[in-house]
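Enquirer: Residue numbers (UniProt numbering), protein chains in the order written: chain B, 1 to 363; chain A, 1 to 363.
The reader is advised that the hints may include incorrect statements.
Copies of the same chain look alike in the list, so a pair counts if it fits in one copy or across any two.
Said to hold, decoys possible - Capping the alpha-carbon separation at 20 Å, the derived lysine to aspartate or glutamate pairs in DMTMM-like fashion look like this:
| # | residue 1 | residue 2 |
| --- | --- | --- |
| 1 | Lys17 | Asp58 |
| 2 | Lys27 | Asp58 |
| 3 | Lys270 | Asp348 |
| 4 | Lys280 | Glu227 |
| 5 | Lys27 | Glu40 |
| 6 | Lys270 | Glu346 |
| 7 | Lys27 | Glu278 |
| 8 | Lys280 | Glu195 |
| 9 | Lys4 | Glu110 |
| 10 | Lys229 | Glu278 |
| 11 | Lys294 | Asp109 |
| 12 | Lys125 | Glu13 |
| 13 | Lys125 | Glu246 |
| 14 | Lys15 | Asp58 |
| 15 | Lys215 | Asp101 |
Since the hints were derived computationally from the structure, they do not count as laboratory data.
Because the structure is a prediction, the values reported are computed rather than measured.
Protein chains: 2
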Amino acid sequence: MSEKTIQVNLSPERKPKPESNQLGFGKIFTDHMFVMDYTEGKGWHDPRVVPYQPLTLDPASMIFHYGQTVFEGLKAYLTNDNRILLFRPERNMQRLNRSNDRLCIPNIDEELALEALKKLILVDKEWIPTAEGTSLYIRPFIIATEPFLGVHASNSYQFIIILSPVGSYYKEGIQPVKILVESDYVRAVAGGTGEAKTAGNYASSLKAQEVASQKEYSQVLWLDGLEKKYIEEVGSMNVFFKIDGEVVTPALNGSILEGVTRNSVIHLLKHWGVPVSERKISMQEVYDAYKAGKLEEAFGTGTAAVISPVGEFFWKDEKLVINEGKTGEISKRLYQTITGIQNGTEQDPFDWVVEVHQEAVAK
Amino acid sequence: MSEKTIQVNLSPERKPKPESNQLGFGKIFTDHMFVMDYTEGKGWHDPRVVPYQPLTLDPASMIFHYGQTVFEGLKAYLTNDNRILLFRPERNMQRLNRSNDRLCIPNIDEELALEALKKLILVDKEWIPTAEGTSLYIRPFIIATEPFLGVHASNSYQFIIILSPVGSYYKEGIQPVKILVESDYVRAVAGGTGEAKTAGNYASSLKAQEVASQKEYSQVLWLDGLEKKYIEEVGSMNVFFKIDGEVVTPALNGSILEGVTRNSVIHLLKHWGVPVSERKISMQEVYDAYKAGKLEEAFGTGTAAVISPVGEFFWKDEKLVINEGKTGEISKRLYQTITGIQNGTEQDPFDWVVEVHQEAVAK
Chain B
1 MSEKTIQVNL SPERKPKPES NQLGFGKIFT DHMFVMDYTE GKGWHDPRVV
51 PYQPLTLDPA SMIFHYGQTV FEGLKAYLTN DNRILLFRPE RNMQRLNRSN
101 DRLCIPNIDE ELALEALKKL ILVDKEWIPT AEGTSLYIRP FIIATEPFLG
151 VHASNSYQFI IILSPVGSYY KEGIQPVKIL VESDYVRAVA GGTGEAKTAG
201 NYASSLKAQE VASQKEYSQV LWLDGLEKKY IEEVGSMNVF FKIDGEVVTP
251 ALNGSILEGV TRNSVIHLLK HWGVPVSERK ISMQEVYDAY KAGKLEEAFG
301 TGTAAVISPV GEFFWKDEKL VINEGKTGEI SKRLYQTITG IQNGTEQDPF
351 DWVVEVHQEA VAK
Chain A
1 MSEKTIQVNL SPERKPKPES NQLGFGKIFT DHMFVMDYTE GKGWHDPRVV
51 PYQPLTLDPA SMIFHYGQTV FEGLKAYLTN DNRILLFRPE RNMQRLNRSN
101 DRLCIPNIDE ELALEALKKL ILVDKEWIPT AEGTSLYIRP FIIATEPFLG
151 VHASNSYQFI IILSPVGSYY KEGIQPVKIL VESDYVRAVA GGTGEAKTAG
201 NYASSLKAQE VASQKEYSQV LWLDGLEKKY IEEVGSMNVF FKIDGEVVTP
251 ALNGSILEGV TRNSVIHLLK HWGVPVSERK ISMQEVYDAY KAGKLEEAFG
301 TGTAAVISPV GEFFWKDEKL VINEGKTGEI SKRLYQTITG IQNGTEQDPF
351 DWVVEVHQEA VAK
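Produce the entire structure from the sequences given, and follow the hints as far as they go.
Expert: The following block contains the structure:
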């Protein structure tokens, strides 16, 4: 048997499955998980699907001290005709390896990881929720496990995939959010880890998020770390503005995460003939467009919400109410098209979805 | 019995203790650890000394995904007359709480933490090595344990202290290191987490460290993230330069860690009447001083090495060899004085050391 054969060890017990209105996001986990080990000299080995279980790690494991870790997030959807679909999963695996490079973590075999993900989903396929807007959230992540208190790259790792059935992000239809433009805290800077999907980026964002919540804003809009002028991301999403008929999003610059939804939105807009550009854009430019009545829409893009329209920005003591606080036309069309492609109810002109074929799960 | 009483559960087994020449740094751990839990509503509770054991954590625990964690590092020393000394431990606990604030982690009771640390050391006092230059390294850390895949502050945490007997940092006496001035990667920026002792700062430093190692430099010197002109830190140490008789160190600016050794060095230099200033200092200024023959010494300060003299900087394709690559007078004097105060062989004019009194360890 090859080192690369994924072993499957089924759980003797099955947890009760929640009702679709009990799902929430990222709180409930399925019966199984995927695990693969890395040790120096031996490489990645022993890929296996095992019962969902706690990780048992030495308290000196480097993940607890030096944050050497990366993760991904994607979703599986069940179609009306009972097919399981993934949305551009190969891009998540490619990005996982780009994050690995930045964090000095050994690359994974992207094909094997994708196979592992499919096998795990098939084992837990009864956990994929079926109500509208629900899906199975997939969280691949890698952690440094060497028990050593010194700052260097770990000599051992675990690659793990866990699954969480998640509810509709919008309980009552797509809803615009209110965003605080952040002027004190910084998420990332060129030369840092902003374009990698790694824990530290999220840890550093908590404080700003807390301050925004106290002011009753649901997320923050991050400006660049150097001049605090140029727009980077919103919360943990990429951000788009429709100004005078053109859709603009910040160009990738080394500190912005390259979102899969971001890329899909750009593709779709081009396909539709909507002008779209990736470029540097300042908050002042957005403000000026607003004042001139030309800021038509703003929205965030990410795996969790897909499209998150922005109804209001708060910047320098001023409220910028966009499109009367309502969801714009482009936001709506993008949301319907992308979620439709994801759940199999819309045409998939770019071959984005990947079907998880339900033949023989290995014993 | 109070919620704050530290319970002690002794290990039935004791591991063999290593020879002093086998110690290394951060690889060997003692027989016990301290653990305390936090749950929302209940606060910090159940402080306990338990046998050293693996942590058992749900794979969805937030520490593995969003890096909400802080740590500290300090040492205990055994004196020739068998007393156990700590060096300014209250500053580590104060800094731990400052880091907690930045990372949205609930503050700990600093007195209780210090008591816990002392109790743990007394339980494992036979692990304090006695050979010259050796000590017991102490690693307090806090991790977010809520099993939840969403970016918010965790509702549960563990505060843990582990101990590691460590060897002399310098096997053959204090030795100057060679440092690469980093021009591509950035450690931290104002508004980020640079002044907090949190995992993500160390994760982001690994790549630059890897590049430096390939060029046979042992550490990197970090410049500011904005202009890449001003000096911040060296490796995971603070840095000092002696220029034309004056000792200069970068002023605390929000992205530099406030080192306990840094603070102690400044105190000692002032006490000795050596001119010392905390201010913004550019790499160009260091270079110009070098060219003018006025760069007399450079050294890093940190808990692990105490004082780490710099024998060479590499910047813009040029080697700056300092003091003929030898340890300077101030570096030597600081090293001898601070390590002497720490191990009880030198006068302690500032009441820096705290003795761990060996009366009654609770059952």
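Enquirer: Confirm or reject each hint.
Expert: Verification of the hints:
1. Taking the shortest alpha-carbon separations for Lys17 and Asp58, only the inter-copy value of 18 Å comes in at or below 20 Å, while the best intra-copy value is 32 Å.
2. In this homomeric assembly, Lys27 and Asp58 come within 20 Å of each other (Cα to Cα) only across copies, at 12 Å, whereas the closest approach inside a single copy is 25 Å.
3. Only within a single protomer do Lys270 and Asp348 lie at most 20 Å apart by alpha-carbon distance; the minimum there is 15 Å, versus 71 Å between protomers.
4. With identical chains, the CA atoms of Lys280 and Glu227 are at most 20 Å apart both within one copy (13 Å) and between copies (19 Å).
5. In this assembly of identical chains, Lys27 and Glu40 lie within 20 Å of each other by CA distance solely across copies; the values are 17 Å between and 34 Å within a copy.
6. In this assembly of identical chains, Lys270 and Glu346 lie within 20 Å of each other by CA distance solely inside one copy; the values are 18 Å within and 73 Å between copies.
7. For the identical chains of this complex, Lys27 and Glu278 are neighbours neither inside a copy (35 Å) nor across copies (48 Å), given an alpha-carbon limit of 20 Å.
8. Proximity of Lys280 and Glu195 under a CA criterion of 20 Å is satisfied intra-copy only: 16 Å inside one chain copy versus 29 Å between copies.
9. In this assembly of identical chains, Lys4 and Glu110 lie within 20 Å of each other by CA distance solely inside one copy; the values are 12 Å within and 49 Å between copies.
10. Proximity of Lys229 to Glu278 under the C-alpha cut-off of 20 Å is restricted to the intra-copy arrangement: shortest distance 17 Å within a copy versus 30 Å between copies.
11. With identical chains, the CA atoms of Lys294 and Asp109 are never at most 20 Å apart, being 47 Å at best within one copy and 53 Å at best between copies.
12. In this assembly of identical chains, the alpha carbons of Lys125 and Glu13 lie at most 20 Å apart only when taken from the same copy (15 Å versus 45 Å across copies).
13. Taking the shortest alpha-carbon separations for Lys125 and Glu246, neither the intra-copy value of 41 Å nor the inter-copy value of 69 Å comes in at or below 20 Å.
14. Proximity of Lys15 to Asp58 under the C-alpha cut-off of 20 Å is restricted to the inter-copy arrangement: shortest distance 15 Å between copies versus 28 Å within a copy.
15. Proximity of Lys215 to Asp101 under the C-alpha cut-off of 20 Å is restricted to the inter-copy arrangement: shortest distance 18 Å between copies versus 38 Å within a copy.
Of the numbered hints listed earlier, those contradicted by the structure are 7, 11, 13.
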